[in-house]
Amino acid sequence: VKVEVSSDTNDIIFNSIMREVHRKGQVFAIVPFIKNMNSLLHRLSTILPNIKIIDAHGRHDDLEDRIDAFAAGEADVLIATTVIENGIDMPNVNTILVFN
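If you read the sequence shown in my numbering, its first letter stands for residue 51, the second for the next number, and so on.
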């Protein structure tokens, strides 16, 4: 396990996600609150326009469908709140970006 703490510059985010995508993996992007999700979705979509991104939180009526779609490889990045850190095992996810 490698842990790295750094500022969340666009270059670091881009390189971290692309490294994982190139190795055919997926990424969790974790935010502390649901209200932070839209801004991160917009930011990632701007930095990485060709990357498929799904957001998921408890207020989505189709939450399970979103998680299943990500698990099936239909997206490269899952944006979620910290609740996703507990008890989710997805073998393709080797990178977790935690935004504060």
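Derived from the structure by calculation, the hints contain no laboratory data. Hints should not be assumed to be uniformly reliable.
Unchecked claim - Below are the BS3-like pairs computed for lysine-lysine, each with C-alpha atoms no more than 27 Å apart in a straight line:
id : residue 1 : residue 2
1  : LYS74     : LYS102
2  : LYS52     : LYS74
3  : LYS85     : LYS102
4  : LYS52     : LYS102
Computed from a prediction, not measured in an experiment: that's the story for all the values here.
Status of the hints after comparison with the structure:
1. Annotation: proposed proximity of LYS74 to LYS102 holds, straight-line Cα distance about 13 Å (limit 27 Å).
2. Using a Cα cut-off of 27 Å, the hinted pair LYS52 and LYS74 holds, with the two alpha carbons roughly 19 Å apart.
3. A threshold of 27 Å between alpha carbons decides the hint, and for LYS85 with LYS102 the separation of about 21 Å falls inside it, so the pair holds.
4. The straight-line distance between the Cα atoms of LYS52 and LYS102 is roughly 25 Å, inside the 27 Å bound, and the hint therefore holds.
The structure is consistent with each of the numbered hints, conforming to all of them.
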